[in-house]
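Chemist: The primary structure of each chain is shown beneath.
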Amino acid sequence: MSVLHLAILLPLLAAPFIPFLFRAVKRIHTGWFVLVVPTLLFAYFFRFISVTSDGGVVTETVRWMPSLGINFTAYVDGLGLLFALLITGIGALVVLYSIYYLNKDKESLGHFYVYLLLFMGAMLGVVLSDNMVVMYMFWELTSISSFLLIGYWYEKERSRYGAQKSMLITVFGGLSMLGGIVILESMVGSFSIREMVANQAVIVDSPFFVPAMILILLGAFTKSAQFPFHIWLPDAMEAPTPVSAYLHSATMVKAGLYLVARMSPVFQESSLWLWIIVSFGTFTLFWGSFNAVKQTDLKGILAYSTVSQLGLIMSLLGLGAAALHYDGIDDNVFMVATIAAIFHLINHATFKGSLFMMVGIVDHETGTRDVRKLGGLMTVMPITFTIAVIGSLSMAGLPPFNGFLSKEMFLKATTKVFSADFFALDTIGLLIPVVAFIASVFTFVYSLLIFTRTFMGKAKFDQLPKQPHEAPIGMLIPPAILAVLVVVLGFVPNLLSNTLIRPAVESIYPTLVEGGQAVEVDLYFWHGITPELLMTIGIVALGTILFFTINKWMGIYNRIPYRLTLNGMYDGSLVWSNKAAYRFKDNYMTGFIRSYLIYIFVFMSGMLLISMWWYDMFNFSFGEMATVTPYEYVLGAVVVLSAFAILFMRSRLPAIILLGVVGYGVALFFVFFEAPDLALTQLVIETVSVALFLLVFYHMPEISKKESRMRFKIGNAIVSVLVGVTVMLLSFMTLSNKSASSISEYYKENVYDLAAGKNMVNVVLVDFRGFDTLFEIIVLAVAGLGIYTMIKFRTTVQRTKGEDGHEAKK
Amino acid sequence: MEIFVSIIIGALTMCAVYMILSKSLLRIIIGTSLFSHAAHLLVLTMSGLKTGAAPVLVDGVTDYTDPLPQALVLTAIVISFGVTAFFLVLAYRTYQELNTDNMEEMKGTESND
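Protein sequences appear in the order of chains E and F.
Here the first sequence is numbered in our numbering, starting from 1 and rising by one per residue.
Here the second sequence is numbered in our numbering, starting from 1001 and rising by one per residue.
One chain only, chain E, in its complex shape:
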């Protein structure tokens, strides 16, 4: 257990103490204690920058289940470290923000911070684990903590709905991913990601390459809310705003991007990998931005915008795979795509985090997030307004903010498809810049909508639930820090180039780095009059036109009927599966014991017959058999005929007598079979049984004649013939297959020497297998106790007509 492991597990270790602190220290907001954890971790991970910026890695292993190849290997490289810093850095800001957002007297903070720390630890585990099974475990833990946090205000119906939806979709993806992991392990023989990267050639040649890739991508796409799995993210906005800022924009939803980046070295040689990621990413980019415009809830706009931005980064990661196939050595243009992906990932965390916190402030101070009610807040909330403008314009891709830089790089990467001559990128790939352009126009429109609708226009303060005023300083600090980062990174982006971006990109292109290609990251504003600059100008122009004519074209959103939307299909499938399950259950859980017995009998017979057929047991070959004497023929006929006669008896006395006949017949068979002890016991027991039957039957009604329905009878007959024939065949089978010799020789030889008895059956019962007999006696004792209890203790209330039940107690 190294310090690194302790660091990863620190949030999980700290979590159990939080509820006690919450109970014990009422005066101080629990968040202050929690804040220590991410702050310490951020400082700890910050020191690793010096290691990874030189291309170094840190590996620590704890042997967990070595026989299964599952070890907790912590692995810090450029990519993992970037995410760890995001998780702890944004985490610290979010915890600080939540201290002012959540009221310590009204909210159950104990729960909240336990879930939050659970998430933080799980997320660190995902990005710093080298073993894929360990990573999967942490991955599902993030889904669970996300579920708990979305459902934090569980008294609200929408919260529960959103929590369930996110759980169903992300866990579906997680399980698919587990399938992919298992397939990959079967190819490489190890769960280690580094091993998989090293044996990438084996994986590419495997026939299971495509299934493994698709299963892994399902995990990434569901987590990162890619179309058509994005529908859970807008509903996850029911979570408290700090959670939305943290999980659902800055970190958890980027786990999918992390997975794609991490697995890129394994899969990226395939053209399918590039095309699946680019097409899903680009479409998600468009669909998210298109739908964001119609939202009226501020968090709804941000949710769809997050979906859209995740699609953008996803498509960049996909395009980055083209770098492996690009011939130009000196300036690998597709490497720009991956650099842009990493850069935009950082930028998105800064501007989207600040925007979410801004929305939380608006919600907190006005009591609503509905843009139709809001307006004119600029005068009362100037600081919040400034943060909103910086965040929105960065998101829209305008200078001088960091969003402009990464957006330009994105547009540049999409235009580079013109110069690629592989994977059909230069033909059908031409759609990529077109879709990117359209999506960016919508991005521009909703970015403007966020701050104009909220802060500008006519003030309608009388319609708000609360009188708005500026937020407390503690609530403004975290988004302000992020907004400052947005501006600083806009002006001096090279702060990141060699510290975070280059090491991360290098871990995505291990083969190129080994091949001597240098990853050069140099970020600056002015590239001259380039196609991407012209595209940005076009986006701004077209976006402005659409923004001012928005009321004219909003009607297009109402064209799609709800039933056909993805949400409609999701809800429909939930209702349908519920109904189908009930119908299925009602069909077989009839409540009649007869039905259940039929299932048991048919299943037993079926299994026996199928396995006999499977192992080819129907070739009966009987060896030497004992001879049958005439007496035995007669006896057998009597037993069988009596048994059959019972079936047709309508009155109880003959049925009991016939049962007695069968029993005595079996006793006589025991005599023929040289089993004197059995015969004696059977005779005694049969006599007592018949007496008992007669005693009880005296009190019972006649056997009812209700069973005369033909269908009922035939059904029973079929099942009974099936079982009878199966048992007979089973008997034949055991007779003709004697694969092992009897173990009875031991008893025959030792019965006198060891137990000093001559009757082998008796000795076996009381000596060799004495415990069997002991338990047999216990069974009898329990049965006796049961009978005694049933007859003696009558606590049930016997009611007769007109009498008060309590007085009639026996």
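No lab work stands behind these hints: they were computed from the structure.
Given the structure is predicted, the values throughout are model-derived calculations rather than measurements.
Fair warning: there could be bad hints in the mix.
Stated by the list, open to error - Quick partial rundown of chain E residues pointing at chain F, CB under 8 Å, derived from the structure:
#1 473
#2 636
#3 644
#4 681
#5 751
Glycine included, C-beta positions come from ideal geometry on N, C-alpha and C.
Starting from the known structure of chain E, fit chain F onto it as the hints suggest.
Modeler: What follows is chain F alone, placed relative to chain E:
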């Protein structure tokens, strides 16, 4: 002999299952009794029948029938008796409480299960 007994076992099982599937509690108990007879015979038959003398040591005799199945069946006979007795009293008490021995009438309704 073994084939002959196997057929008897099959017939007994058939009757037992038919009785167990009926609606009357009494017939079900008779069915379980028949079932245990069939099972006892099956266990004995599996080891081969009449392969020697009764399993009691006698000087000069070397071939005995298999004692182990007999010991098992002996236990089974006693236990099946215990179970049958328990069933019978249960049926008797059920009839007293519910005034029916029909399984279909004993099934609860949706509201009281």
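Chemist: Decide, hint by hint, whether the structure agrees.
Modeler: Status of the hints after comparison with the structure:
1. Interface hint at residue 473 of chain E: violated, since its Cβ lies 61 Å from the closest Cβ of chain F, which is beyond the 8 Å cut-off.
2. Because the beta carbon of residue 636 of chain E sits about 5 Å from the nearest beta carbon in chain F, less than 8 Å, this interface hint is met.
3. The interface hint given for residue 644 of chain E holds, since its Cβ lies 6 Å from the closest Cβ of chain F, which is under the 8 Å cut-off.
4. Given the 8 Å rule on beta carbons, the hint for residue 681 of chain E holds: about 5 Å separates it from the nearest Cβ of chain F.
5. The beta carbon of residue 751 of chain E comes within 7 Å of a beta carbon in chain F, closer than 8 Å, and the hint placing it at the interface holds.
In terms of the numbered hints stated before, the structure departs from hint 1 and from no other.
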